[in-house]
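> Each chain is listed here by its residues.
Number of protein chains: 4
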Amino acid sequence: MDYQKIIEDIYQEILPFSHQGKQADYIPALAKVNPDQFGMCLHTVGGEVYPFMKADAAFSIQSISKVFSLAMCLSLKGEALWKRVGKEPSGTAFNSLVQLEIEKGIPRNPFINAGAIVLSDILLSELEHPEEDFLRFVRSLCEDDSVDYNMEVALSERETGYLNAAIANLLKYHGTIENDIESVLMFYFKTCSVEMNCMQLSKAFLAFTNHAPFEYAGYRLSQSRIKRLNAVMQTCGFYDEAGEFSYLVGLPGKSGVGGGIVAVCPHRYAVAVWSPRLNSKGNSVMGMKALELLTTQTQESIF
Amino acid sequence: MDYQKIIEDIYQEILPFSHQGKQADYIPALAKVNPDQFGMCLHTVGGEVYPFMKADAAFSIQSISKVFSLAMCLSLKGEALWKRVGKEPSGTAFNSLVQLEIEKGIPRNPFINAGAIVLSDILLSELEHPEEDFLRFVRSLCEDDSVDYNMEVALSERETGYLNAAIANLLKYHGTIENDIESVLMFYFKTCSVEMNCMQLSKAFLAFTNHAPFEYAGYRLSQSRIKRLNAVMQTCGFYDEAGEFSYLVGLPGKSGVGGGIVAVCPHRYAVAVWSPRLNSKGNSVMGMKALELLTTQTQESIF
Amino acid sequence: MDYQKIIEDIYQEILPFSHQGKQADYIPALAKVNPDQFGMCLHTVGGEVYPFMKADAAFSIQSISKVFSLAMCLSLKGEALWKRVGKEPSGTAFNSLVQLEIEKGIPRNPFINAGAIVLSDILLSELEHPEEDFLRFVRSLCEDDSVDYNMEVALSERETGYLNAAIANLLKYHGTIENDIESVLMFYFKTCSVEMNCMQLSKAFLAFTNHAPFEYAGYRLSQSRIKRLNAVMQTCGFYDEAGEFSYLVGLPGKSGVGGGIVAVCPHRYAVAVWSPRLNSKGNSVMGMKALELLTTQTQESIF
Amino acid sequence: MDYQKIIEDIYQEILPFSHQGKQADYIPALAKVNPDQFGMCLHTVGGEVYPFMKADAAFSIQSISKVFSLAMCLSLKGEALWKRVGKEPSGTAFNSLVQLEIEKGIPRNPFINAGAIVLSDILLSELEHPEEDFLRFVRSLCEDDSVDYNMEVALSERETGYLNAAIANLLKYHGTIENDIESVLMFYFKTCSVEMNCMQLSKAFLAFTNHAPFEYAGYRLSQSRIKRLNAVMQTCGFYDEAGEFSYLVGLPGKSGVGGGIVAVCPHRYAVAVWSPRLNSKGNSVMGMKALELLTTQTQESIF
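Heads up: the sequence lines are chains A, C, S and P, in that order. The numbering of the first sequence is the numbering used here, which starts it at 1436 and goes up by one. The numbering of the second sequence is the numbering used here, which starts it at 1436 and goes up by one. The numbering of the third sequence is the numbering used here, which starts it at 1436 and goes up by one. The numbering of the fourth sequence is the numbering used here, which starts it at 1436 and goes up by one.
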C-alpha cells in the first residue's frame, strides 16, 4: 500500500475545506495558534513511517491524553476500573452535566470530561509521582523524551475552567473522587496540556494496534485488554459525533480540541492528523475528512 | 479454526448462567416460549456451517429485523436516509421518548424504536408492496422461502403497543413520518414479528461480512456502505448496552427481545445465538456470554 | 370600587399592545377568528356585572375547561383524585412529554395536557353520560343553557392532535388511564371545544370565589376544597408562565389558547378577559396586561 | 380569633407525627440538634404575639434567608433583578443542576440554590459591606440586634458544600455571577447560617404582610413589590413541594432545612414554626402539618 501517495492525494482532495470551522479560543494559548496548518503521520506495524506536511509541529493534545490515562488506569486497576466509570456512549456533548447527574455521579465513559477527571483521581491515588509517571509513560510510548507538559496552557485552563470545576465538585459531592478537587483538576489540566506532534502521536498509538506485547514504562496490557481499549475509543472517542466518526472512518480513534485526531487500524497502522479548525462538535474538520478518505481509499477499516 | 469444538466448549462454560434472567412476557406469544433453550449457528465466508443445539428452532427476531429494514432503506435512499434519522448512540433505553423529543422529532439512530418506525415509514413510501418486498429481501438473504411473518405476534404487539403508538404519534406531530400512523405501526410490528432460526439468521447476516458483492432481491449495497451499516450496528445495536457489547465482544451486532443476537466478523463469519432469558437491558444473557467467549477464544474481533 | 371606570382606563392603557402576538392557528376554526378583538367581564360577589367591549362574543374556552373538569373530579373523587395526578407546577411547557415520562406516567398536575387527559378518563369512568353531565355542570355554573360544544373544533383537533394522542398512548402504557384511548381523546377535545363568552365565564367562575356554598348540577365542593382548587390554579394555571402570572397579577386563574383568561379574587369577584393574540407561552397578550393592571389599580389581589 | 387556643389544639393534633422524618445531618452542627423539639410563634398586624413551646429557641434559618436576600435585591435593583434570575417554579428538587443547565445559566427562581447564589453575587456587587448590611437588615426586620451568623455552621457548609460549589462554578461558566466564586459561596453560606428563633422570624416576616410601609435599615419596597415577593414565595418557596404547600396551607411561605417554616397571611399575620424532623422533600413534617391545620381552623388563607 503506497500510503505516501494516498496521503498526498487525500490532501489535494480536502484542500477546499482548509478554511472551514474555527479553532478553539477559550484560552489564549490555543487562540494564538495559526489555524491554517495541517500535519499528518502514519506508522505501520511493519515499521514504516509516513510523515506529511507539518508532521513535526507540536500542538496541544488535549483530550487525546485521556487515552493515555485510560491505558494507565486499566493497567493499574484492571476490570475493577469500571466500578468508577462507565463505558457507554453518552449521547450528549462532552461537557454535559445533565448526563453526569442522571447517573448518580458515575460518568458514562472515560472520555467525557467527568470520566477523565475520575481517571486523574485514580492516578493520583495509585501513583507516588503521578505527574512524572504520566510523562514517563507517554515518552515511552512515543520513544521521545522531549515530550512535556505546557504549564502556561495548564494554568490558563485552570483559571477559566469553571465547567470542569463544576464537574469535579459534582463528582466530589457524589463521592466519586477521592483526592482534593484542586489537585485532581490541576493534574487533569496538566495531562491535557501535553504537547506532541503527529509523528510522536502516531508512534505512541502504534502501541494500541496489538502488533506486539504492550509494556511501556512498566505498564502492561494484555492483547484482550488492548482490544477493549480500542472498543471504548470506537464507541466513545468523539463525544456526540462518535457514531459519525465510526460511520465515516470506521476506526477506533480519539480527538482533541487542539485539532488533533489519532486513529488505530488494529494489526496494521496508527495514524495522527492535525489541523486546528474545528466543526461544531469540537472535532478537526480536515482531520475528519482526511481519515474518512484514508479508509475509503485503502479499504482498510475494522468493518 | 475448529469452530465446532470452540462452540461446544463455550456452551459448557456458560451453562451456569442458563437460568439467569427472564424472557420477554409483554405479549402472550413471547411469554409462552420455553425460556430454557439455547441455539447457535456460525456461517463462515468459506461456506462452512456450524449449527449447535437448537439452531433450527424458529423464534421471533424482533429488533433484529431493524437491520434488514436499514439495509433496504440504505439501498433505496443512499446517504439521503440520514436526513430522516441520526446515527449517534442514544445513551438511553431503546424506548425512550425523552431523547426523541430533545432532537425535535429526528430519532437518534435507526435502531431505537423511533428510528425503526421511521424506516418503516420510508419503506411504505418507497415500495409498492412493502410487506411482500420486505419478506422477499429477508428470504433472499437467508436463501429460505419458508421465512414468514407471525401475524398473531404482530397483532398482539399492536394491541398493547401503547409506547410505540406514542412514539409514532410524536413523530407524526414533528412531521417525521409521512404515512398514516396505523399503517406505519402495523408494518413495523409485522417486520418485528418475522420468525427465523439461528441457521437462517447467521446465513442472512453472512451478507454483511463483505465477502461478496451485496445484491439480494434487487437491493444492492456497495462494500463501503456495508462497512457503514456495520458501523451503525457497532455503535447503536444494543440500546444502552452498546458500549458493553462492543467492549466484551468486539463485533458489530444486533439483539432482539425474542432472545436472539447476531454478530458479524467482517471477511470471516456471521454468527447467530438464541436464548430467551434476558438481562435488565433486554439482551439475551447466554447470548452475550457466548459471543464474548467466542471472540476471546478465537481472538477474532474487529479490534 | 368603580370597576367600570377602572376597566375603561385599563383598556386605554393596553391599546398599544393590541397587535402584539398572534392567535393560535393549528386548526382552521381558531385560525379564522378575527384576532383584533377584546372582551372583558367582571362579576362581583355582590351581584354586580361589568361587561366591556365584546363581552358577549363566544370563543373557544380550550384549556379553561380543565378547571371545570377538575371541579367535577374533586367532587366525585375527593382527595383520592391526587393518586392519579400530581399538583406540582411543571417547570416546562404545557405539552411536554419529557416531564410526563420522568414521573412514570403520573402527570405533574391537572392543567398540563397529560393531567387533563387523566381527568377526562376519570369522568368517563365515573359518569354514565359524561358529555351531557359536563355540559350540564358548565351550564349550571353560568346559568345559561345555550353553552355548547363546537363539534367542528373538536373533530378538527382530534384529526391533527398527534401530540395529545402521543400523551394518551404514553399514559395508557403506564396504566394511568382506564378507558380506550380514542374515547378519552374525543371526550377531552370536546370539553376543550366548549364555546363561552366573557360574561358566561366570569359568571361561571364566580362560583369559585367562595361567596356561597358550592353546589351546581349536583356537584358539591366544600369551602376548603374550593380554596384548594384555587391553589392549584395559582401554581399551575399558566403552564410555564405560572410564576409570571402570579407575580404580575396575583390571582388564581386559568388561560386557554383561544385567547381567554379567567381569574378569581376570593370573596370579591371573578373576571374574564378575551383577546386572541397570544404571547410565546400561549397566553393572551392583552389579557395578561389587563389583569395585571386590574389588580395594580384596585390593589385587590390575594397577596 | 383566639390564636393561642388554636395553636394549642393544633399541637395536640400533630403530636402523633412528632417522631416522623429525620433532621438534616449533612453537617455536624445540624446533626447534633435534638430533633424532638417544636416551637411556634404568630405575630398579628395588630401587634399581638402568640409564642408557643420553644418559640425562643434559636435554630439555623438556612433557606429562609433567601427571602431576606430577595427583599434586599428587589429594593436595590427593582424589576431589573429578573434579568439575572427567573421567577418560575422549578419542577425539580432545590439542588438540581439539570434545570440550571437547561436554562443556559439563568436559574429558574431565586429560591433554588442557584438562584440564591445569584442573589448573593448581586449583594456582593451592590454593597460596600455586604455581611454587615445583610445582618443589619435582618436585625431591623425583627427588631433584635442579637441575631447573628453562626460561623461554625457557615464554615462547615463551605467545607462540604460540593454541590453548591458545582452550581457556583456552572453559573460562573455561564457568566451569571460577577464576583469570584469563593467570595460568593462564603457569603451565601453565611446568610444561610443566621440563627433566629420563631419569635424573631414571625416578627421579621410581619414586614411582608403589607400592614405598613416597608422600610428597614434603609431598604424600601412598595406595597406592590411586597405583593410580588409574596407571589414568588407562593409559587417557589417549597422546592418541589410548592404545589403541595399551596394546596394544603394556602399561604406564601418559605422553608429551610434547619426545620423552620415561615408563612405570611397578608394584612393579618405572620407565623413561624420550627421542628427539625424533615420529610423526603426537605420540609419540616410538624411544621407543614401545623400550618395546614392553622389555615383550616382559622379559615384564613389567601384563597
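Bear in mind the hints are in silico, worked out from the structure with no lab data behind them. Each hint should be verified, as a subset may be incorrect.
If several chains are the same, the list does not tell them apart, and a pair holds so long as it fits within one copy or across any two.
Below 25 Å or equal to it, Euclidean Cα-Cα: the simulated DMTMM-like pairs (lysine to aspartate or glutamate) are [to be verified]: (1) Lys1518 to Glu1727; (2) Lys1512 to Asp1615; (3) Lys1716 to Glu1538; (4) Lys1440 to Asp1615; (5) Lys1539 to Asp1460; (6) Lys1512 to Glu1561; (7) Lys1539 to Asp1579; (8) Lys1467 to Glu1594; (9) Lys1440 to Glu1483; (10) Lys1638 to Asp1615; (11) Lys1467 to Glu1630; (12) Lys1539 to Asp1444; (13) Lys1539 to Glu1650; (14) Lys1539 to Glu1567; (15) Lys1512 to Glu1727.
> Going back to the hint list, which numbers does this structure go against?
Failing hints, ascending: 4, 7, 10, 12, 13, 14.
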